[in-house]
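Two chains, two frames, some hints: make the complex.
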Amino acid sequence: MIDYSFIVDFLFMWIRVATPILLASLGAILCEKSGVVNLGLDGIMLISALFGVLGSAYGGNLIWGVIAGVGSALIISGIFAYFHLVLKANAVLCGTAVNTIASGLTVFALQLATGEKGSSSSLKSYTFPTVNIPFIKDIPILGDILSGHNLITYIAFLMVIVIWIFMYKTPLGLRMRAVGENPNAASSVGQNVIKIRFLAILLCGVLVGFGGMYLSMGYLSMFTRDMVAGRGFIALAACAMGQATPVGVLISSMVFAFFDGLSNILQLLQIPSEFVQMLPYVATIFGLTVYSIQKIRLQKKKSKEIQQNVIE
Amino acid sequence: MDSNKRIRLIVDITKLIITILVSCGLVTLIVLVTSSDPVNAFSSFFLGPFTSVRRIGNIVEAASPLMFTALAVIMIFSAGQFSMISEGAFFIGTLGAMMIATSVPLPAGIHPIVAILVAGAMGAAVALIPAVLKMKWQVSEVVTSLMLNYVVQFFAIYMVSYHFREISSSSLASIEFKDTSILPVIIRGTRIHLGIVLGVILCIITYFLLYRTTFGMKLRTVGNNAKFAHYSGIKVTGIMVISQVIAGALAGMGGGAEILGMYNRFKWTTSPGYGWSGIVVALLARDNPLMVPLAALFMGYLNVGANIMARNSDVSSEVVQIIQGVMILMIAAEALLKKWKQKMIVKAAKSEAGMKGDVIND
Numbered sequence: 001m002i003d004y005s006f007i008v009d010f011l012f013m014w015i016r017v018a019t020p021i022l023l024a025s026l027g028a029i030l031c032e033k034s035g036v037v038n039l040g041l042d043g044i045m046l047i048s049a050l051f052g053v054l055g056s057a058y059g060g061n062l063i064w065g066v067i068a069g070v071g072s073a074l075i076i077s078g079i080f081a082y083f084h085l086v087l088k089a090n091a092v093l094c095g096t097a098v099n100t101i102a103s104g105l106t107v108f109a110l111q112l113a114t115g116e117k118g119s120s121s122s123l124k125s126y127t128f129p130t131v132n133i134p135f136i137k138d139i140p141i142l143g144d145i146l147s148g149h150n151l152i153t154y155i156a157f158l159m160v161i162v163i164w165i166f167m168y169k170t171p172l173g174l175r176m177r178a179v180g181e182n183p184n185a186a187s188s189v190g191q192n193v194i195k196i197r198f199l200a201i202l203l204c205g206v207l208v209g210f211g212g213m214y215l216s217m218g219y220l221s222m223f224t225r226d227m228v229a230g231r232g233f234i235a236l237a238a239c240a241m242g243q244a245t246p247v248g249v250l251i252s253s254m255v256f257a258f259f260d261g262l263s264n265i266l267q268l269l270q271i272p273s274e275f276v277q278m279l280p281y282v283a284t285i286f287g288l289t290v291y292s293i294q295k296i297r298l299q300k301k302k303s304k305e306i307q308q309n310v311i312e
Numbered sequence: 001m002d003s004n005k006r007i008r009l010i011v012d013i014t015k016l017i018i019t020i021l022v023s024c025g026l027v028t029l030i031v032l033v034t035s036s037d038p039v040n041a042f043s044s045f046f047l048g049p050f051t052s053v054r055r056i057g058n059i060v061e062a063a064s065p066l067m068f069t070a071l072a073v074i075m076i077f078s079a080g081q082f083s084m085i086s087e088g089a090f091f092i093g094t095l096g097a098m099m100i101a102t103s104v105p106l107p108a109g110i111h112p113i114v115a116i117l118v119a120g121a122m123g124a125a126v127a128l129i130p131a132v133l134k135m136k137w138q139v140s141e142v143v144t145s146l147m148l149n150y151v152v153q154f155f156a157i158y159m160v161s162y163h164f165r166e167i168s169s170s171s172l173a174s175i176e177f178k179d180t181s182i183l184p185v186i187i188r189g190t191r192i193h194l195g196i197v198l199g200v201i202l203c204i205i206t207y208f209l210l211y212r213t214t215f216g217m218k219l220r221t222v223g224n225n226a227k228f229a230h231y232s233g234i235k236v237t238g239i240m241v242i243s244q245v246i247a248g249a250l251a252g253m254g255g256g257a258e259i260l261g262m263y264n265r266f267k268w269t270t271s272p273g274y275g276w277s278g279i280v281v282a283l284l285a286r287d288n289p290l291m292v293p294l295a296a297l298f299m300g301y302l303n304v305g306a307n308i309m310a311r312n313s314d315v316s317s318e319v320v321q322i323i324q325g326v327m328i329l330m331i332a333a334e335a336l337l338k339k340w341k342q343k344m345i346v347k348a349a350k351s352e353a354g355m356k357g358d359v360i361n362d
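Heads up: the protein sequence lines correspond to chains A and B, in order. Counting from 1, one number per residue, gives the positions in the first sequence under my numbering. Counting from 1, one number per residue, gives the positions in the second sequence under my numbering.
Isolated chain B, as found in the complex (with noise of 0.2 Å):
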């Protein structure tokens, strides 16, 4: 049994190398095929992050709000279910953090933490969507969540655009949220502001949920297969759906904590997009909540490089993109290194089965 669990750890560490160095190895291959000057663009791309304190400042900004997507999209996940909902209830949780920062007068140390529960509550209440319909009429939870994206992209520009909109501003903005809402910086000459804090709090408790509690187990199991976890008296439907509405509070408790932290108005005309991204942290975390803030970093990193790069050179950041997409394709692999890994079991139990026979000899 250890050996199995010391094979599948060699295995997975394995596999994600290898996908990091396609990924790199991929970057290396645009950037020689389509760039004027690769040598000044690999260098903004793969060091620029570390040249000065605040750009690894900004490594850990661009972490921020991937580690609560990536949580949500872990909830989700390890329950079975297959809602891409992250994305959508970490917009409404911005619009919910925007309406009480701008509007909801209160007290300093108050005001941000209910302004993130009612972000929370927002990106809970859509997650539950899906998930009710799903559990009501077996409609599939994937194309109902990526629609009501859409529909929440849609409704919280419209909030802000109808009834939250600085007049004075010439583009698309919210007023102004009030000072005592704003989440402080908790280290100087960058913008690491107190939600980093929330995340990798959020990730402890998450990992504890999933694998500390019963309901993290009954979870777990119905995730791993719902009919046995049906047969063995579990409630499987309503465990779908407590896991996604979890899910959905995580994402939108992001959203608030991205909004408070990072901004001091609302700007966005489109969804940003830190729910897919948080999908690709969410694989390379290994569905591990405290492998999550690690994952975060990593993507962090590749986002503000390729931001540096963009500046810098001739390459545009949406290469990040494109990596994202195959590390995915990776990760998901299942069948990649299965082979070697059936070897090393073989031989592992060979082996000890070898040794259990010299001691029945003897």
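So here's chain A without its partners, still in its complex pose (with noise of 0.2 Å):
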């Protein structure tokens, strides 16, 4: 009996912190599919996080919780697709700017409305409700484990859908992709490259904000300093481990995430804490790298195929 529940409290843990890492490494797939390496995704949501507690701190309501938390995400957005696409500076370092400026900015604006550095537990923020499945939560162990999730989770769920729809049934993420394939050849049939690919990055931030408010506004119901610890990172893992593919990066945000929740549970055991907490930070490096491996075997495989067809 205590192994049933204890298997059925870690599913349910697994698909809570599988949110963030899956929202973010959504968002990743527009900009990585339009040709841009956004580094700043741990900022975006770190950023989109804070504000939108204190969206729904003083605005009243959950509404002004998410316009504040969008918003936030969506201006910080647009000044990494400014100096990256206009004025041409390097994504990488676009990106680092961007995790430097949320990380001072969002402890700045902390203190400034709380007077506190380290969390925002005095103020009254909103959270996102919880929803219960009507039919699903009645069956036995698949409702304990699917039903009473926080509402972002399972539009988390959805956008894997709406992101597969929009990457390849749509004229829009046609031709994003078709500026990240071959930028030149887009810009050559008269596609505005540096617009669409500013269109991505502020769509990849909507996407990367509703991460981030999941964290401080779901996930816990506050915002405490530097929340995000490296999930926005973790997710441009899982984006390039799930080639971009809205599928594939759901499977990779899963295993990902299945290290974070192991991680939460090995906190129990008497296991050194730092050790546990390194846990989802080696699975990554240790998941990239055997993907990567995996990709040049395949690659190896395939062009001796074509030797081997082009001797025959």
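These are computed hints drawn from the structure, not numbers from a lab. Being a predicted model, the structure only gives us computed values, none of them experimental. Some clues are possibly wrong.
Derived DEER-like restraints, expressed as beta-carbon distance ranges [to be verified]: (1) Q299(A) <-> N288(B): 36 to 42 Å; (2) K300(A) <-> I110(B): 47 to 53 Å; (3) V290(A) <-> A125(B): 18 to 24 Å; (4) S121(A) <-> Y211(B): 50 to 56 Å; (5) T224(A) <-> A335(B): 23 to 29 Å; (6) S168(B) <-> K295(A): 48 to 54 Å; (7) I205(B) <-> T130(A): 40 to 46 Å; (8) G118(A) <-> T51(B): 29 to 35 Å; (9) L21(B) <-> T130(A): 46 to 52 Å; (10) E352(B) <-> L112(A): 33 to 39 Å.
Derived coverage of chain B by chain A (criterion: at least 3 residues anywhere in the stretch with Cβ under 8 Å from a Cβ of chain A; other residues may be distant) [what the hints assert, rightly or not]: (11) 11-24; (12) 137-148; (13) 284-298; (14) 329-335.
Using N, Cα and C, we set each Cβ at its ideal position, and we do this for glycine too.
See the structure below:
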């Protein structure tokens, strides 16, 4: 009986911790596919996490939180996009700049609003509601795992489908892929490369912003300093490992989230907590490496096959 | 050719001035909007660092670790790589130096040298990981180095709290370093320590390595155009790995020098972020190691100013991070002033052509 509830709890938490990584890596798909490396995901998440809390606390309801959270994500993404695309600054440096600004700005704004530098616990902020899905919630085990999650969690998983349709079934998605695949070819047929990439970065910002807001308005009910803790980078790794396809990203996000969840559970055991906290980051390095090795093997195999075909 | 060089210099300097002005303007704006006593905040920030010898010393002390990490960043970026490992290499360096300083008995002169060398070796070892993963399997060094920074942070904290912890202390702190390991203070009335001399020497060595040796030439060629370097017979991946290892060693030594010069125990609970500031310093120095001390002093000045402002007024010191981010954006923006530069080059070329034309006509 104990084992059963333990497993259910773990699966439930797995979905919970996967949400922010999934949302951010879905956002990363848009950037990656249109040919932009957005290293600023971490910072964008952090900023929207704080401003979501501040917006809902001062606006007095959730709507203002969402407006502030998404708005701040759009502004900082816009700055990233302007400097990278228009002023031709290196993407890695732009991303680093965004992350640096974010970690300073959030603490600065937090202190301004609450007088503290650690967390927003003194503010009365709102969270996204949890949703009980009718019918499913009544199924024994499955209902305990799948129902009763935060609204954002369901939106995140829904977004896998939405992004898939957007990327592969809409003209704008096609344009983004074309611009990413070969910017010169796309621009030769009249596509404005900068405009489309700008749009991709902004849309990515919205998704990532929701990922950030989930952390402070769902996963926890307040903002704490540096609460994103590298999830943006992990999401970037998940995007690379999922080959920037929605389903691939879903799988790799779940893989990385598994270790995140595992570290939550292992904290109860007698292992030094530092090793447990290391786990998601080690898993990401390991996962990326294994993936890269596989990819190279596949390429070698393919090129061999082609060679053989030519010989035959 | 000469006039092109001159134009590039003029544009670079103008851009630097604009960057610094925009940063100062931003501070002004933030202070005006948020502070209830802006005059006090301003004077604390801009003039505060110069009000006493001790504070001027603080500027130099704050600049010291940034020189090492900036040199590391320059080494990595010059080879066209984007490993962010200088943060982790610095932190593992502090750990390495701490281990030697607390547990290995050595005579006074040799102790800090050994500790800093071990720190450098550990930094190099950490930097080797993303470099090798990239070389062997093309794993993005950006992501692996960022992840590794977290791993290093937790590992260092683990080592301190489980193996080197001062039991009697309520907060996390290591046992005290042996007296023989401490880097001596070189200017009385301040805490400016011998580490800063090491930093300056390393700046000069790095400059010679990058700009006066064949290795440096190869490294910069790889950074400018890896394909060209490959076709001209340079072992590209080898150079990339070596550059990152040297960078790791530089940052690691910085960690060692910092902890032995400024502290007598290991007290950090999170990675201190010198690696990130090092990026700003490297960019400010325009990838020139000889300019690094100056850029580091400027950054140190901003840090000290922000701390004084935070103590004397209601504006918190995180302002500096915002400014640093804006600086990275401004300096990285290659298209900034590009039109102006183009115009100047065209003008110079025209006047040169005109002069030649005259000669021919004569």
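Hint check, failures only: Numbers 5, 7, 10, 11, 13 - these are the hints that the structure violates, sorted from lowest upward.
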